[in-house]
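Trainee: Single-letter residue listing:
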Amino acid sequence: KQEVTQIPAALSVPEGENLVLNCSFTDSAIYNLQWFRQDPGKGLTSLLLIQSSQREQTSGRLNASLDKSSGRSTLYIAASQPGDSATYLCAVKVGADGLTFGKGTHLIIQP
Amino acid sequence: DAGVTQSPTHLIKTRGQHVTLRCSPISGHKSVSWYQQVLGQGPQFIFQYYEKEERGRGNFPDRFSARQFPNYSSELNVNALLLGDSALYLCASSLTPMAGVNTEAFFGQGTRLTVV
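Chains as they are written, first to last, in the working numbering: chain S, 40 to 150; chain R, 472 to 587.
Just so you know, the hints here were simulated from the structure itself, not pulled from any lab data.
Take these hints with a grain of salt, some might be off.
As the list claims (entries may be wrong) - Straight-line Cα separation of at most 27 Å, BS3-like style, residue types lysine-lysine; simulated pairs: (1) S:Lys81 with R:Lys501; (2) S:Lys107 with S:Lys40; (3) S:Lys81 with S:Lys142; (4) R:Lys484 with S:Lys81; (5) R:Lys501 with R:Lys523; (6) S:Lys40 with S:Lys142.
Based on the provided sequences and hints, a complete structural model is requested.
Mentor: Structure follows, in C-alpha cells:
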C-alpha cells in the first residue's frame with residue numbers, strides 16, 4: 040500500500056527566505072507526482088505536476104524535483120512571501136486509481 | 472473557462488440521513504474522482520469515474536456510492552450518515568485517469584458536510 044509522508048508538518052519562516060518542503064513515498068511505481076496548495080477551508084490548487092520520467096518542473100518561484108528510485112520529492116520556494124502561507128500537499132498517482140496524499144506541510148511566512 | 476464546480480458549498484445533515492453531492496468537471500475532462508478530507512489530514516480517495524464507468528474505489532464502506540452522467544458530471548451519495556462522515560468532500564477532474572500528462576488533477580472548492 041502506497042504511503043506518502045511530508046516533512047516538516049509545520050514551518051514558520053521570515054519573509055524573503057528560500058525554503059524546501061519534503062515528500063517521500065513508499066512505492067516507486069508511480070505515474071506522476073503532484074504538488075498542491077490549500078488555503079484554510081478551501082479546495083486544492085495544483086502547483087506542479089512531475090511525470091515519472093521527469094526529474095523536475097519549475098513554475099515561477101517554485102521548483103519541484105523527483106527522485107523516483109529513492110521515493111522522494113522536494114518543493115523549493117524561492118524568496119518566500121506572506122501570500123505563500125498555506126498548507127502544501129504532495130500526492131502520487133499509482134495506476135488508474137486516485138491520488139494518494141500526504142498530510143501536508145502547514146507553512147507560515149512572517150511579514 | 473470555468474473550473475471544477477461543486478454544489479452545495481456547505482451542508483448540515485442529521486445522523487442517519489442521506490446526502491447527495493454534485494460535481495461538474497472542467498469542460499472536456501472525462502474523468503472525475505472524489506476525495507474525503509477530515510480536519511488536519513490529507514484527502515482520502517473515494518472513487519474514480521471515467522467515461523461513466525467506475526475505474527477505482529478507495530477503502531470506504533458501501534454506504535458511499537457515486538455515478539457519472541453522460542455529460543461527465545458526477546454525484547456522490549452517502550447513506551445512513553454517521554458523525555464521522557463530517558468532512559470536506561472534494562471533487563477533481565482530469566482529461567483521463569491513465570498515465571501521462573493528461574492525468575493532472577484539478578480540484579473544486581469542495582462541499583463542507585457537517586453531520587449532527
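Trainee: Hints first: check each against the structure and report whether it holds.
Mentor: So, going through the hints one by one against the coordinates:
{"no.": "1", "hint": "S:Lys81 with R:Lys501", "verdict": "holds, 23 Å"}
{"no.": "2", "hint": "S:Lys107 with S:Lys40", "verdict": "holds, 16 Å"}
{"no.": "3", "hint": "S:Lys81 with S:Lys142", "verdict": "holds, 15 Å"}
{"no.": "4", "hint": "R:Lys484 with S:Lys81", "verdict": "holds, 20 Å"}
{"no.": "5", "hint": "R:Lys501 with R:Lys523", "verdict": "holds, 8 Å"}
{"no.": "6", "hint": "S:Lys40 with S:Lys142", "verdict": "holds, 16 Å"}
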